[in-house]
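Chains as they are written, first to last, in this note's numbering: chain A, 1 to 443; chain B, 1 to 221; chain C, 1 to 392.
Calculated from the structure, these hints are not laboratory results. Among the hints, erroneous ones may be present.
Here are the simulated PhoX-like pairs of lysine-lysine, each with C-alpha atoms no more than 25 angstroms apart in a straight line [what the hints assert, rightly or not]:
1. A/310 <-> A/47
2. B/30 <-> B/159
3. A/310 <-> A/286
4. A/266 <-> A/310
5. B/116 <-> A/3
6. B/116 <-> A/11
7. A/266 <-> A/53
8. A/141 <-> C/245
9. A/47 <-> A/266
10. A/141 <-> C/149
11. A/286 <-> A/266
12. B/116 <-> B/159
13. A/3 <-> A/16
14. B/30 <-> B/206
15. A/3 <-> B/159
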Amino acid sequence: MIKNYLTLALKVLRRKPFYTFISLFGISFTLMILMVLTSLFDAGLGKNRPLTKRDYLVVSPMAQRLLTVPDTSLIVDTLSLADGQLRYDTTEEITERTVSNSNGPMSYRFIMDNLADLESAERVAIYNDGSFTDGFIDGRKYTFSSYYTNADYWRVLDFEFLYGGPFTVEDVEAAAAKVVLTDRAAREYFGTLGPELIGREMELGRRTVTVAGIVNRPLADSPMFAGDVYLPLTTIDARALADTDVSGGFSAVFEAATPGGRRAIKEEIDFISANYQFPAESNYNKLEIMNATVVEGYAMATVREQDPRKAMRILFIPLTALILLFVALPLINLINLNVSRVFERRAEIGVRKAFGAGRRDILLQFIFENLVITVIGGMIGLVLAIGLIRYVNANDLLGLTRLSLSYRVVFYYLLVILLFGLLSGLLPAFRVSRTNVATALRG
Amino acid sequence: MIQLNNISKSYRTDTIETLALQHMNLSVPKGEFLSIMGPSGCGKSTLLNIMGLIDEPSEGTVVLAGREVTDYHGSQTARFRNEQLGFIFQSFHLINDLSVIDNVELPLLYRRVGGKERRELAREALAHVGLSNRATHFPNQLSGGQKQRVAIARAIVGKPNIILADEPTGNLDSHMGGEIMDILTRLNEQLGTTIVMVTHDERMAKRTHRLVRLSDGERVS
Amino acid sequence: MLSHLLKLMWNKRRANVLIFLEILLAFIVLFGVYTFTLYNFDRYRSPLGFSYEHSLGVRLDLNDQLDSAGVVEAHRRIREEVMNLPDVAAVTWLGPVNPFGGNTWQTSNDNYGFLISTQMMFADEHFAETAELSFREGRWFDESDQHAKYPPIVVNAAFRDEYFPDAPTLIDSVLPINGPHRVVGVIGDFKYQSNFAENVPLTFFSHADQDRNEQPFEMLIVRTHPGRMAAVQEPLYRSLVELTKSTDVVIWDMAADRIKANRPVVIPLVIMLIISGFLLINIALGLFGVLFTQINRRRAEIGLRKAMGATPGEITAQFVREVLLVTAAGLLLGTLFAVQVPLLELLPIPPKYFYLGAVAAIATILLIVTVCALLPSRQAARLHPALVLHEE
Chain A
1 MIKNYLTLAL
11 KVLRRKPFYT
21 FISLFGISFT
31 LMILMVLTSL
41 FDAGLGKNRP
51 LTKRDYLVVS
61 PMAQRLLTVP
71 DTSLIVDTLS
81 LADGQLRYDT
91 TEEITERTVS
101 NSNGPMSYRF
111 IMDNLADLES
121 AERVAIYNDG
131 SFTDGFIDGR
141 KYTFSSYYTN
151 ADYWRVLDFE
161 FLYGGPFTVE
171 DVEAAAAKVV
181 LTDRAAREYF
191 GTLGPELIGR
201 EMELGRRTVT
211 VAGIVNRPLA
221 DSPMFAGDVY
231 LPLTTIDARA
241 LADTDVSGGF
251 SAVFEAATPG
261 GRRAIKEEID
271 FISANYQFPA
281 ESNYNKLEIM
291 NATVVEGYAM
301 ATVREQDPRK
311 AMRILFIPLT
321 ALILLFVALP
331 LINLINLNVS
341 RVFERRAEIG
351 VRKAFGAGRR
361 DILLQFIFEN
371 LVITVIGGMI
381 GLVLAIGLIR
391 YVNANDLLGL
401 TRLSLSYRVV
411 FYYLLVILLF
421 GLLSGLLPAF
431 RVSRTNVATA
441 LRG
Chain B
1 MIQLNNISKS
11 YRTDTIETLA
21 LQHMNLSVPK
31 GEFLSIMGPS
41 GCGKSTLLNI
51 MGLIDEPSEG
61 TVVLAGREVT
71 DYHGSQTARF
81 RNEQLGFIFQ
91 SFHLINDLSV
101 IDNVELPLLY
111 RRVGGKERRE
121 LAREALAHVG
131 LSNRATHFPN
141 QLSGGQKQRV
151 AIARAIVGKP
161 NIILADEPTG
171 NLDSHMGGEI
181 MDILTRLNEQ
191 LGTTIVMVTH
201 DERMAKRTHR
211 LVRLSDGERV
221 S
Chain C
1 MLSHLLKLMW
11 NKRRANVLIF
21 LEILLAFIVL
31 FGVYTFTLYN
41 FDRYRSPLGF
51 SYEHSLGVRL
61 DLNDQLDSAG
71 VVEAHRRIRE
81 EVMNLPDVAA
91 VTWLGPVNPF
101 GGNTWQTSND
111 NYGFLISTQM
121 MFADEHFAET
131 AELSFREGRW
141 FDESDQHAKY
151 PPIVVNAAFR
161 DEYFPDAPTL
171 IDSVLPINGP
181 HRVVGVIGDF
191 KYQSNFAENV
201 PLTFFSHADQ
211 DRNEQPFEML
221 IVRTHPGRMA
231 AVQEPLYRSL
241 VELTKSTDVV
251 IWDMAADRIK
261 ANRPVVIPLV
271 IMLIISGFLL
281 INIALGLFGV
291 LFTQINRRRA
301 EIGLRKAMGA
311 TPGEITAQFV
321 REVLLVTAAG
331 LLLGTLFAVQ
341 VPLLELLPIP
351 PKYFYLGAVA
361 AIATILLIVT
371 VCALLPSRQA
381 ARLHPALVLH
391 EE
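Chain A with its partners taken away, still in its complex shape (with noise of 0.2 angstroms):
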């Protein structure tokens, strides 16, 4: 039964080529963008490499310090006049007003003092992110992006090591002179890329680093491994390391022991901040240490909102209905037309019925029928899109950030497919299928 409605699908598809043709344009091209938007998401907030931990992580890449003062207003509510005297009821509401405020990421002496022994996080990883280095190679210029980090980030986030590995706590604590380099950078500096690399020494501003590791570049260009080359926090700049105050160039990532274990960690860091004592001469007196999960740390760098809930709103719901619009369009397309094919098919269907087809099998026909075009224009804009991204990705057209094309994306998409047919078959199928036989005889 099955392969008798395919061969009757391709036999229909093949003989009306001009609405084959239009229902694989509509098909092949929705899909195809469905397919990159997945991937483009993917590649932001999936759990590829080195953020397999996703769901086990809460990020606080800063702190805002505020100077709020109290703000009495006085609303009158009522006047009125009683024995020539003016009588008013009023509210006296006290509220927060913030003068001013600063943002951005921490010291290490205030991570180290406040955030370093979380009780409920498994580990830390602590990186700073601020600075670049320029450098000449036989007159050639490259400029790499350069993060300190300490020796748990490798555990926190699991970077794909191609060659070696990461720096140690030993490596930390000695202030070793180790840098971690992602694929792109050691073929730049290099020229090459191989085994024979770890160990090799490199000018990195006025300081020789030997590598220890190379890894692969993340997919996302993340501000939380957005590097080219990685070195032991503790070679920074010795003021850096000593600085008291709450502002300074490093962020923070927290591992918790389960997924709901980020809710401990995320209350705790606010019961610090909550407690937290500006010193005295401090021209402020509120502290905020941001802390979100990984999507909505996505969500707040993308729209550049500080509050996570808020910045998940305006992110993904603006995103959610702009991609029902874009893929309601050619599903009512495709309805459209099916529908008004399927008028042409009317006597078809009164002979089937005739000859004993019940109203399931008109039905199950239709929709296979609109199954088969779907997975035909599907595989076409899979092959689209595949290339499309090996395209973007080639000539980094997206800036940092690489379109991912994995397993996952592929799977998603084939789910997309089948819902997509059904979606655009079960109306049409289902005006089909009821079909009144003799008035569809009739003529």
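With chain A held as given, fit chains B and C onto it using these hints.
Coordinates of chains B and C only, in the frame set by chain A:
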């Protein structure tokens, strides 16, 4: 074989109700070749559709093969149509997107018959109407007479006990019409298939066992 | 005639509802895309007002221990050394805000009775010649202004046009912007964030306004001779590392930086245009297919109308009008939604772009629908009445 008891059928449009059949009683014994005649709009096609269970009477009962039909839309009825009935239409109603042999196979699709056996049965049916050499053609490559022969092959491929033919010769010239009648007569005589045929043509009607005349939804003979 | 058409439309509402929905959604998409595109295109048209093609941006780290005099001396010496490098045409020091750098300083006050809000940039005496600015009136600040009673400022054309459109001249006016400042020059158009930035009031402040040892100028713009930019970079880097005794020297190509700064608009814009282009093709093809079958289904009606004396032109016009009526209904509802956006001020974009966007979307959809309806209608209208009537 077929028994219609006090059948009435009315069509309701927005404002008026038209009566297509009034209190019709008719019984067709097994193996009979019956023809129905009458002027345009007398209810012949409606009668045939009701016998074929593709239309529902407003009143009265239909008894087919000794069983009263109650549910006209369920899957049991679809099964019954598939196994017991074969249809032939004035305008052939072949599916243009399918080749001749695929058209003939159609009724077998809705029962559990393997692909090979389907092909076999369809070839047999096509041979029966003398169109073996046209199996891979498409309907629009055939003449009117050939199309109707394909339609007959489709009607008989499932070996039904009853064939319902709605003016099978209406769109054909008298020579081709004669050929179609030959085939139907042979079916009736050789396989004992019960045939009910609606026609306009006295000459065709004369070649059947019995003639029923309708006028304004009522039997007049 | 209209009521006849309306009746037809209503009787076929089930067939029309999908077309209606499609038109409505297409309008919403196009409305958004056109508004966004027009708005950005308009901003792109206003010039940046400075040269960047052969310029390098430089960020370096001056020794924190330097006092004011030390900073002045370091600035002088570094600029002199850089000027002496081969192929360097001009050099200027820059404060914390740099072109295409992604940050903005803004100040506003209403001390003198009306609100003056302006972006701020900080530069030394050589910025005008380095960035090749054009002047409406006056000049750039020079050494002599540093010791004048009021520190000097230079404003851009947008500043003047926004706040003092009627003043015969602004030169030597003393304006209360972060304290009293004397205007020494008015330059032409100037915006620096990206090509898609708005051309808004902007004020340049000199060294005189920056606390030299707290926040010394630590950026440079180095304009090279055309085509020599790559060659300058290495000697520039080495000489700066030598001069500052620090490897915290970052050099970038301003032209490349401009492209990067435009990206947040260009990438979504290109993606939107490509997607909506394909959506339009998709809709046009689909509509064509649907109308083709719908009109062909009515061959008998066409035959009948022709038999009763309708000309092919009348038949075509009738079909097109029918489709346009459904379209108009969809567009009307869409427009009702669309005008809410500027009326309720839901987005910080001037209203005129929304109206232009709506008009452009309506025009596009009407054009597509007319073409898609015209082709099958004309084909059907040419049918011979006897032929179609016979088919039935």
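Going through the hints against the structure:
1. In summary, the hint linking residue 310 of chain A to residue 47 of chain A is supported, as the alpha carbons are separated by about 23 angstroms, within the 25 angstroms threshold.
2. About 15 angstroms separates the Cα atoms of residue 30 of chain B and residue 159 of chain B, which keeps this hinted pair within 25 angstroms; it holds.
3. Proposed proximity of residue 310 of chain A and residue 286 of chain A is supported: the alpha carbons are some 21 angstroms apart, at most 25 angstroms.
4. With a C-alpha separation of about 17 angstroms, the suggested pairing of residue 266 of chain A with residue 310 of chain A holds against the 25 angstroms cut-off.
5. In summary, the hint linking residue 116 of chain B to residue 3 of chain A is supported, as the alpha carbons are separated by about 12 angstroms, within the 25 angstroms threshold.
6. Proximity of residue 116 of chain B to residue 11 of chain A is assessed by CA-CA distance (about 19 angstroms); at most 25 angstroms being required, the pair is judged to hold.
7. For the proposed pair residue 266 of chain A and residue 53 of chain A, the alpha carbon gap of about 17 angstroms is at most 25 angstroms, so the pair holds.
8. As the CA atoms of residue 141 of chain A and residue 245 of chain C are separated by approximately 20 angstroms, the hinted pair is consistent with the 25 angstroms bound.
9. For the proposed pair residue 47 of chain A and residue 266 of chain A, the alpha carbon gap of about 21 angstroms is at most 25 angstroms, so the pair holds.
10. At most 25 angstroms may separate the alpha-carbon atoms for a hinted pair to count; residue 141 of chain A and residue 149 of chain C exceed this at roughly 46 angstroms.
11. Pair hint residue 286 of chain A plus residue 266 of chain A holds up; C-alpha atoms about 18 angstroms apart against a cutoff of 25 angstroms.
12. At most 25 angstroms may separate the alpha-carbon atoms for a hinted pair to count; residue 116 of chain B and residue 159 of chain B meet this at roughly 17 angstroms.
13. As the CA atoms of residue 3 of chain A and residue 16 of chain A are separated by approximately 20 angstroms, the hinted pair is consistent with the 25 angstroms bound.
14. At most 25 angstroms may separate the alpha-carbon atoms for a hinted pair to count; residue 30 of chain B and residue 206 of chain B meet this at roughly 19 angstroms.
15. In summary, the hint linking residue 3 of chain A to residue 159 of chain B is supported, as the alpha carbons are separated by about 24 angstroms, within the 25 angstroms threshold.
In terms of the numbered hints stated before, the structure departs from hint 10 and from no other.
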